[in-house]
Structures are given as structure tokens and as C-alpha cells.
Amino acid sequence: MTAADGGRIFLLLAFSFTAFQLIATIWGATRGLPELIRSARNAAVATAVAMVGAMLALLYALLSRDFSLRYVAETTSRAMPLDVVVTSLYGGQPGSLLIWGTVLAALSAVAIWRTTIRYPELAPYLIGVLAALQAFFLLVLVFASSPFEPLPSPVPDGRGLNPLLWDDGMRVHPPLLLAGYASFAIPFGFAMAALISGRLGRGWLAATRRWMILAWFIQGLGLLAGAWWAYHVLGWGGYWGWDPVENVALMPWLVATAYLHSVMVQERRGMLKLWTMALVIATFVLAIFGTFVVRSGVLSSVHSFAESAIGPLFFAFLGLVIIGSIGLFFYRMPVLRSEGEFDSLVSKEASFLLNNLLFAAITAATFWGTVFPVVSELVRGSKMAVGPPFYNQVNGPLLLVMLLLMGVGPLLAWRHTSLHGLWQRHRWPILTAVVTSLLLWVLGMRQGLAILAFASSGFVAATIFFEFWWGGRTRHANSGEAWPTALTTLVSRARRRYGGYLVHLAMVFIAMGAIGYYFYRDETAETMRPGETLAIGRYVLTYQQTLQRQEPGRQVVTSRLGVAMDGKDIGTVEPGRHFIQGWESQPTTMVAIRTTWPWLDDLYVLLVSSNDDGSATFRVIVNPLVSLTWVGGVIFVLGTAVAVWPEARRRTVPRFSPAQEVVYSEA
Amino acid sequence: MKPNALALLLALLVALWLPGALYAEGPYDQQMRDIAAGLQCPICQGQSVLDSNSQLATQMRQLILEKLEAGESKEAIVKYLIDRYGEGILMDPPKRGFTLGIWLGPVVVLVVGLAIVAGTLRGRLRRRPEGGVAAEETAGPEPAQYPEWFQEELAQRAPLGPTPKARQEGGSEEARGNVG
Numbered sequence: 000m001t002a003a004d005g006g007r008i009f010l011l012l013a014f015s016f017t018a019f020q021l022i023a024t025i026w027g028a029t030r031g032l033p034e035l036i037r038s039a040r041n042a043a044v045a046t047a048v049a050m051v052g053a054m055l056a057l058l059y060a061l062l063s064r065d066f067s068l069r070y071v072a073e074t075t076s077r078a079m080p081l082d083v084v085v086t087s088l089y090g091g092q093p094g095s096l097l098i099w100g101t102v103l104a105a106l107s108a109v110a111i112w113r114t115t116i117r118y119p120e121l122a123p124y125l126i127g128v129l130a131a132l133q134a135f136f137l138l139v140l141v142f143a144s145s146p147f148e149p150l151p152s153p154v155p156d157g158r159g160l161n162p163l164l165w166d167d168g169m170r171v172h173p174p175l176l177l178a179g180y181a182s183f184a185i186p187f188g189f190a191m192a193a194l195i196s197g198r199l200g201r202g203w204l205a206a207t208r209r210w211m212i213l214a215w216f217i218q219g220l221g222l223l224a225g226a227w228w229a230y231h232v233l234g235w236g237g238y239w240g241w242d243p244v245e246n247v248a249l250m251p252w253l254v255a256t257a258y259l260h261s262v263m264v265q266e267r268r269g270m271l272k273l274w275t276m277a278l279v280i281a282t283f284v285l286a287i288f289g290t291f292v293v294r295s296g297v298l299s300s301v302h303s304f305a306e307s308a309i310g311p312l313f314f315a316f317l318g319l320v321i322i323g324s325i326g327l328f329f330y331r332m333p334v335l336r337s338e339g340e341f342d343s344l345v346s347k348e349a350s351f352l353l354n355n356l357l358f359a360a361i362t363a364a365t366f367w368g369t370v371f372p373v374v375s376e377l378v379r380g381s382k383m384a385v386g387p388p389f390y391n392q393v394n395g396p397l398l399l400v401m402l403l404l405m406g407v408g409p410l411l412a413w414r415h416t417s418l419h420g421l422w423q424r425h426r427w428p429i430l431t432a433v434v435t436s437l438l439l440w441v442l443g444m445r446q447g448l449a450i451l452a453f454a455s456s457g458f459v460a461a462t463i464f465f466e467f468w469w470g471g472r473t474r475h476a477n478s479g480e481a482w483p484t485a486l487t488t489l490v491s492r493a494r495r496r497y498g499g500y501l502v503h504l505a506m507v508f509i510a511m512g513a514i515g516y517y518f519y520r521d522e523t524a525e526t527m528r529p530g531e532t533l534a535i536g537r538y539v540l541t542y543q544q545t546l547q548r549q550e551p552g553r554q555v556v557t558s559r560l561g562v563a564m565d566g567k568d569i570g571t572v573e574p575g576r577h578f579i580q581g582w583e584s585q586p587t588t589m590v591a592i593r594t595t596w597p598w599l600d601d602l603y604v605l606l607v608s609s610n611d612d613g614s615a616t617f618r619v620i621v622n623p624l625v626s627l628t629w630v631g632g633v634i635f636v637l638g639t640a641v642a643v644w645p646e647a648r649r650r651t652v653p654r655f656s657p658a659q660e661v662v663y664s665e666a
Numbered sequence: 000m001k002p003n004a005l006a007l008l009l010a011l012l013v014a015l016w017l018p019g020a021l022y023a024e025g026p027y028d029q030q031m032r033d034i035a036a037g038l039q040c041p042i043c044q045g046q047s048v049l050d051s052n053s054q055l056a057t058q059m060r061q062l063i064l065e066k067l068e069a070g071e072s073k074e075a076i077v078k079y080l081i082d083r084y085g086e087g088i089l090m091d092p093p094k095r096g097f098t099l100g101i102w103l104g105p106v107v108v109l110v111v112g113l114a115i116v117a118g119t120l121r122g123r124l125r126r127r128p129e130g131g132v133a134a135e136e137t138a139g140p141e142p143a144q145y146p147e148w149f150q151e152e153l154a155q156r157a158p159l160g161p162t163p164k165a166r167q168e169g170g171s172e173e174a175r176g177n178v179g
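Taken in order, these protein sequences are the chains called A and B.
Counting from 0, one number per residue, gives the positions in the first sequence under numbering that gives the first Met the number 0.
Counting from 0, one number per residue, gives the positions in the second sequence under numbering that gives the first Met the number 0.
Check before you lean on any hint, since a few could be wrong.
Claimed, not checked - One-sided and incomplete, this derived list gives chain B residues near chain A with beta-carbon spacing under 8 Å:
(1) Asp28
(2) Asp33
(3) Ile81
(4) Gly85
(5) Val108
(6) Leu109
(7) Ala114
Keep in mind that the hints were calculated from the coordinates and are not lab data.
No experiment lies behind these values; they were computed from the predicted model shown.
Every residue, glycine too, gets a C-beta built ideally from N, C-alpha and C.
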């Protein structure tokens, strides 16, 4: 038996388990047989194990270069190093879908297991919904797009992946995004379970929120890793191009972010229930849309969509998910009444409402820009490009308003804040913003919008700083704790609050990177001979020499340039190009990036071509502040960790008595 | 004019001044880059003619440069390329005709969204009895009272919150929000 046979068996097993899971849970729930529900729960675990088995089988087939399989032949070649072959797991459609399904199965198993313990009333419905989603992916994997499909006859060597994908970054961001997309299914599962069962109390909300944070975190990491990869490997000088594939990954994350804010209003005031539910549904629909767009090619052209085997399948699935969830949504609408009312326009609730409006608008604009080329092709028959200018002009101002709101919202009280209180808490941050603007003006910055954007960043950073400062100081004064202890206690007493602030701080850093990149990016290109120089901004680059060397499987050309900043020598940069065997016509660039201190400019140097006469053409870009984006990424991870870190040995206090929930289901 | 045009000019001057600077930046390169940055590379998704390393993009950059050197204006060159590759080549869809739709979409969403939010707020605020706000006002505290405020806020949370004992111990938001 080959690994491929094993893989096929694992997939069939997983499919049977899932089918059993679905039938058992429906049967068990309608007949009131807890044994069957338990059995369905076990089937979910068995599915996860079988899926992992299938994935390992595919990995083995890839590593052993089993060229009798179509997938292996398409995504690997003998020339590919072994550590690169691992990335072939998701180098094509069937493999990616297999990972999607495996992540879904694994997370489902964990979610189902925990739910049977914590909310047994919700469990049968959750098991059913997740089984239905899993069944779709298994249907596709077994019948439409199997990674274990054999070739009519084995080939001696495979095609292999494009060398652009032979990179460390490739090992990180695609699996993260796939896992992110898949994990949005769990909060959706809880929401659907709550809608079907009518148990729309606080139980599902807590579970949904927890899983949504996880999915949001994974997707966020995937987006950051993707940006990092684009910047450091793709070599076009930027990190975010509003490309369709990027957009569809961003949209569920945006909606999930909106959800994480609106859910606070629901938890706290019992308002916005319908809206919160709509956001959970929208997140998952966008996650499916993202998977579907990346994998079916619908956005590259309507025609490639029709040719794609899974396009119509995914389209049908998407339709079913939308119709099913919206149907349930309207069915339960009367139960999702608001318990609280808005008291004031100057309140946390109102700021969250504005926050959600902004997220919704940015998502809608991004969606519209992403699908417009297809609409154009359908209506006029000609494709229409929608490039970064559209997104910058539409999303830019919205993001700026969002940034400002990030400074105001967290300091507002629930229900109502007096204008006096507002001023009390904002006078220092406002002063910070004013000082920032003046300083930038004095430093010679003259672009109003850029100054406004930087001042807003300073404003938000200051509000976050003062939140920690005031809290820590009072704690320090009242309890006599030393500053570090006082801050730690403060944070540990309200992890969600302070973790959230840290994530906000991360967004400020990312915003500053984007502002620097958008307003002050500068570039030039020049062909030089050794000894010649090129000047850009405060930098002068001197071309020294170009070296060629042969490495196994590839030829590497590197050029060395000396860099001087403000007339002072600060070292060298070495951009280069790889010519990989069999892919000589598509050399990959090795970008040289040098972050300078204290200006935080990224000196981004590309070797465009090197000529026989010793001259070489370089493209040099100065990207101010982009390095802050990655600092923001690290803070994003820290902040999320603080927010979700489990309490040490906390007692589980059952908050939701079944009796309380029955009221909802009968309402 | 871009803020660093001066730097570029300087670079240009330095380059021109250098003896034997055969490959120095040409006088039209900056203009070429401006034009190329606004055009979508027809064969590579999402990249501009300037950023793309594809052969076609390279040829297009060359073509733009040649036309600039021949004295053609930016508008004429862009029009020539639109005639050849279609309007789809523009990175920035024109704000007229069919492509106006793309610009109107987000505006409509924003206006409708604002209307819904405003409607929600107004409806709910109006239903409130006179003077209700003052009675229920929980104005935020002075910074000095922050920890007390937090404790109070936490204590006010859901009637289903933990026992008073846990509350005294300062059970955090997390402990209560985190049952899932």
C-alpha cells in the first residue's frame, strides 16, 4: 500500500465519520438520546485524527516525490530542496483545501469537546453545524479536488513550485491564512447553534467571542506575515498592494474586528444583538469567499472560474451558507431584541456604533473594489483594473477617522460621558497631538494630511500611555506597590481592557508605517558602473562591485554598494538575484533592506540587472517608517496574548443556568 | 510636486556633474515613473507597470520613455496606451461613466450606514423620558479615581456575575467574560 492509498483511505474514513457525526447528532437531539450525542462528539475527534492522517500521508507522498500523483507532480520537483517541499503541501488547490479541512476538523473537535462539558444544551447543534461544514470540504476533497488523484502514468520529474515561493516566509503566511479562514467556522458554528436552538443568552456569546479572538488573531498574524513576505521577498518595494488576494484575506479580519467591539456592547448593555449576529455570519461568509476566490480564480477572470472544477461547488456552498444563516437570522429576529437603550451620543456605546460603521464601510469599499473588475467584465465585457489609488482615496480617510476614534472611544464611559469629563481625560493627549504637529512643522514637514495623520497617531498613543500611567500611578499610591508590580496587577485585573489597549498601540505603529510609506516614499533607478554614485534623499550609494557564485541548483549574483547617510559612511548593502536551475528566465530578486537610525528609513535596494560590461541597474526606494509595521506586529501578538491569557487556576463559576436559558428558547 | 523632488533634482545634478556618467538618470525618467506608476501591468495582477518585473512592463516603460523623448505629452501617451490596452489599464478608474460606479459604491454605503446609525440613535434617544440622562448619568471619573472606577464598573456587570465574594477579591473582567 502506498502513502497515496493511505491518504485516500483516511479521507474516506474522515468522510464517513463526519456523515455519522451529522446523522447521530440530529437523531440524538430529536429523540433525546445523550449517548448518540456523545458518540457524535467522538466522531468529531475521529474525523480530526483521520484528517491529520491524510495530511501526513500527503506530506509523505511529497517528500518521497511520488510522481504518480498529479498533485505531487505539479507542486514538487527533484530539484526542490526537502525543506521547500514542505511548502508544497499548500502549493496547490487540493493541498490547501486539505489543510483547511484539517484545521477545521481539529478546531471543531476541541470546540465540540469543550462545549459538551460547558454548554451541553448547545452541543448537539454545534456538532451538527460543524459536521455539515466539514462534510462539504470532505466532499470536495474526496470527489472534486483530491490531492491523491493519480496521473494516468507516473512522470520522471515534477514541475515544482515557482522559485518565488521557495522562501522562509512561504512557510509561514499561507498556512496561517488558511488556518485563519478555517477557524472563522467555529464562531459561526456557535452562532448557528444558538440560532437553531434559540438559546441566545450569554452562553453562546462568550464561546463565540473566545473563538473569534483566536480566528482574528491567526488571520491577523497571517496578514502581517504576508505583508512581511511581500516586502522582503517579492521585491516591488511595498508590503500591501490592495491586491484581490490580500483584500479577501483582510475582509473577514475587518469584520471580525468590528465584531470584537460590538460584542462588548452586547455583553455590557444587551444591545446590538442583531448586528453582532450579522457580523458573525458576515465574517464566515467572507472567509468562505476568500478561500473560494483564492482557489477558484474567479477574480482573475470569469472564464477561469467556469473552468475551475471547484468554482461552481464553492458558489453553491456559499449560497447555502448565506441562505441558511440569513433564514435562521430572520426566524430568530424577535428573540434578539435589544435590552438596553442608548442614553447619549457621548458614550462608549455610541463610539462603538461609529467604529462598526467605519469597519463596515471599509469592508464594503474593499469588497466593491475587489469584485468590480468582475462586474465590469460581466456588464461591459472588458476587465477593469482597480488599483491602490482607489483604496487609498476611499479607505484612507476612513482609516484616519478610525484612528482618531481609537483615541476617543476607549476613554468614554458607558451610557454617558459629560463633556467636562471628556476634556479632563483628553487634554494631555490633545496637547501631545498639538506638540507633535508643531514639531513636525519645525522639522520641515509641510503636507497637511501627513501632519494630521501623525498628530492623530500621537494623540492615540498618548491616550493609551495615560491609561496605563493613571491606572498604575493610582494603584502605586493606594496599595504602596512598586511601579512594576502596580502595573502588572492593574493589567491582570482587567486583561481584556489593557490587552485591547496594547492591540490599539500596535495599530498606531502600523498606521505610522503606512503614513510614512504613503506620504514620504521616494524612489529612483539608475544604471551605474563600479565607483559611480547615486543619491536619494539623505543617502548616497556607491556601487562597488558585482560578484557571481554558483550554489547547488542556482546561480547567485550579488552587487555591493556602499551607503553614506548625511555624508557619513554607514556600511554596505548587497542586493542580488537568483537564477534557479530550470527557472532561469524568471530570476528572483534578493532585496537588500537597511533600516537607518535615527530616521527609521528603510533603504530598499534592488538589483534590476547586471550587464556584461560590469555596469548594473539598481532601483533604490526609501520607505520611511515601514519598519514600525513589524514592531506593531510584535505588539499585536503581545496585546492579544495579554487579552486572552487564561487566569492562573481560576475557578470556573457557572454563570448560565439552564433554567435561565430556557426562557430565551421559549420566548 | 513630491516632497523629495528636490532630492531627486540634487541626485540628477550630482549624476550629471560626474564625469563619464554614461548611465545617469535621464531627464525623462521621473516623468516615465510617474506615468508607469499609474498604469496596471496588463499581464500581472495587481502590480503597476513601474513595479512589475515582467517583460511586457519593461517594454512599456521603454516605450513611455521613448515617447517622452519624442516630445509627447503625458496625456497623449496615456491615451495611446488606453486605446491599445483598454481603460482597464488605468490604476485609478476614471470618475465618470461606468467606472463612476466604483466610486459611488462606498459613498452610498457610508451614507446609508450613517442614516441607519443616526436613525437608531435618534429613535432610541427620543424614547427616553425627559431628564433621564441626568438621573442615570455615570460620568467618567477623574483620572485619580481610575481603579475605583474599574472596580465599580466590574461590579456593575451582568446580574449573572460571580458571587459577591469573588467580586471583593477583584475578579477580573476576563474571569467573567471567559466562559467559552
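Failing hints, ascending? 2, 3 and 7
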